[in-house]
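Asks: Each chain, written out:
There are 2 protein chains.
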Amino acid sequence: MSCRAASNGASHVKKADKEDKAKLLDKVDAFIFDCDGVIWRGDSLIDGVPETLDALRAMGKKLIFVTNNSTKSRKGYLGKFTGLGLNISAEEIYSSSYAAAAYLDSIDFPKDKKVYVVGEVGIIEELELKGIQHLGGPEDVDKKIELKPGFALPHDESVGAVVVGFDRHINYHKIQYATLCISENPGCHFIATNLDAKTHLTDAQEWAGNGSMVGAIKGSTKREPTVVGKPAEFMLANIAETFGLRRNQICMVGDRLDTDILFGQHGGLTTMLVLSGVTTEQALLSPDNTIHPDLYTDQLSDLLEAAKASVAA
Amino acid sequence: MSCRAASNGASHVKKADKEDKAKLLDKVDAFIFDCDGVIWRGDSLIDGVPETLDALRAMGKKLIFVTNNSTKSRKGYLGKFTGLGLNISAEEIYSSSYAAAAYLDSIDFPKDKKVYVVGEVGIIEELELKGIQHLGGPEDVDKKIELKPGFALPHDESVGAVVVGFDRHINYHKIQYATLCISENPGCHFIATNLDAKTHLTDAQEWAGNGSMVGAIKGSTKREPTVVGKPAEFMLANIAETFGLRRNQICMVGDRLDTDILFGQHGGLTTMLVLSGVTTEQALLSPDNTIHPDLYTDQLSDLLEAAKASVAA
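As given, the protein sequences belong to chains Y and C, one line each in that order. Just so you know, we're using numbering that gives the first Met the number 0 here: the first sequence kicks off at 0 and counts up by one. Just so you know, we're using numbering that gives the first Met the number 0 here: the second sequence kicks off at 0 and counts up by one.
Only chain Y is shown next, with the shape it has when bound in the complex (with noise of 0.2 Å):
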């Protein structure tokens, strides 16, 4: 970065230095990291990335990996942090298939009580942990609607919640059970794992996401859905108590400003761009851009030697 780019744009927006950093590694206590941009991009690790986890994890410091992909649960993803070297435990991940079994656990799903899944494997997974009661997902892949006169497609009644997350295999059924659910079973809730318009199955193009998935229950039930994964208020307000923090004292990494930063800042988090994902400095330093992060810096790696100088102290 040039000191003219900085002094040109929105100068209240501060790259961070030497003396930021040792500020910030002081001040927070955990880490809520956006993984695609700041961790790695596509299958490929960012350099510097394990150094500086192992470092913060060396000073006590929470870190928390957080991922709208539901299709997997926290174990099925662990996969992808493991094939890329990192070392870093299940409980870490704060995936959008846990958000939706913990945000069930928050307000004491009844144990007798269902919930009809739109969605893939790794929200099943969750909800068994959990130990909470499921039908739909998987099992309703193939099944179609075989239209007689006087045909009503039955629904159990005791379901008492619809979670919607990313589905390859979204059809007429799963549509159709879910909206009789939540339009027929008084109290049913309709709880979405995020409304990311696209998703990421593969690097060559751009996927349409679970907003596709979530726009067809809205769209028979006129419903909104509770929202659990990002930028919902609740994965926030669930990790500030499980691990017993203030907000301040938790710091959003991410490399997204309308995403990333605009949620760490509306959950009261202290917020970090990164600049090796999708945002150019350009991009941070324009007029046009009202997002600003507390600040800023090139990768996760520049806190390093911060880290370690902390360590040493």
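Keep in mind that a hint or two might mislead.
For chains that are exact copies, the list does not tell them apart, and a pair is met inside one copy or across any two.
Restricting the straight-line Cα-Cα distance to at most 20 Å, the calculated cross-link-like pairs of lysine to any residue (SDA-like) are [as the list claims (entries may be wrong)]: (1) 142 <-> 172; (2) 26 <-> 307; (3) 60 <-> 25; (4) 61 <-> 29; (5) 143 <-> 168; (6) 26 <-> 156; (7) 110 <-> 43; (8) 112 <-> 57; (9) 17 <-> 240; (10) 13 <-> 108; (11) 221 <-> 196; (12) 307 <-> 297; (13) 142 <-> 168.
No lab work stands behind these hints: they were computed from the structure.
Following the hints, position chain C against chain Y.
Replies: Showing chain C alone in chain Y's frame:
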């Protein structure tokens, strides 16, 4: 209806008397009929309808039967009428499948461009009648996304419009294909036949309607569609232009206040509510109801006597 009910309720809503009916028949040159609750209830014709339609036709009135059902073409939908013993022509039907083709025609959709269809055979048949190239629809029923690293779903760059209608075979291939066309083909139109939350595939239950299919595409594109069926302005403009009529020369006849009557009023039509469908006189005259048709009557055949008298005179 009791006089007391009328005087206690919205006093400016008037049940049509003999004079009102004669005035109506004198004033309007065309009738737009919502079918369910006006012409038939489920699979049963409502009393006196065939004779009344014959008498109106004998007076030289244009008759237009509108339906948001896009799964059939006008020709395909004709079977429902003839099956009930009604003698009408396909040109008197205004289905939302036809509305989509008529809309594309009205904007001079280029002959070298194609339409991608999320929907059933009705839309395909109406596009063919207008000589508009198409792909998708029934031919994509069994398509699956086979995910391999680096896979991108190819899409046709000559697609200039996506038409979304009710589709009981909705799948992720169709959602992604439609999303790619709308997001990546410059100027690509996004057209919804309608946004109905519910549809009536069988009488035994309410079924998720085209609101689901459109919701899925809205959710991934973050775009709002152009709606061509009820309650969109296009349908009325197109009918008025086709028949060379002023708006108040057209009477909308329906059984629902918040759809049929509101639709007619927004379009500047004369409106008549019939009580042979979902709206009760009590609901119409309730102080809570703010939607007031120009006149109302028990059922369509209440116009028969006035029509016969007019023809005789």
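Asks: If a hint holds in the structure, say so; if it doesn't, say that too.
Replies: Hint by hint, here is what the structure shows:
no.	hint	result
1	142 <-> 172	both (6 Å within a copy, 17 Å between copies)
2	26 <-> 307	within (16 Å within a copy, 87 Å between copies)
3	60 <-> 25	within (10 Å within a copy, 82 Å between copies)
4	61 <-> 29	within (4 Å within a copy, 72 Å between copies)
5	143 <-> 168	both (12 Å within a copy, 8 Å between copies)
6	26 <-> 156	neither (50 Å within a copy, 52 Å between copies)
7	110 <-> 43	neither (42 Å within a copy, 45 Å between copies)
8	112 <-> 57	neither (43 Å within a copy, 61 Å between copies)
9	17 <-> 240	neither (31 Å within a copy, 72 Å between copies)
10	13 <-> 108	neither (45 Å within a copy, 51 Å between copies)
11	221 <-> 196	both (19 Å within a copy, 7 Å between copies)
12	307 <-> 297	within (18 Å within a copy, 84 Å between copies)
13	142 <-> 168	both (10 Å within a copy, 11 Å between copies)
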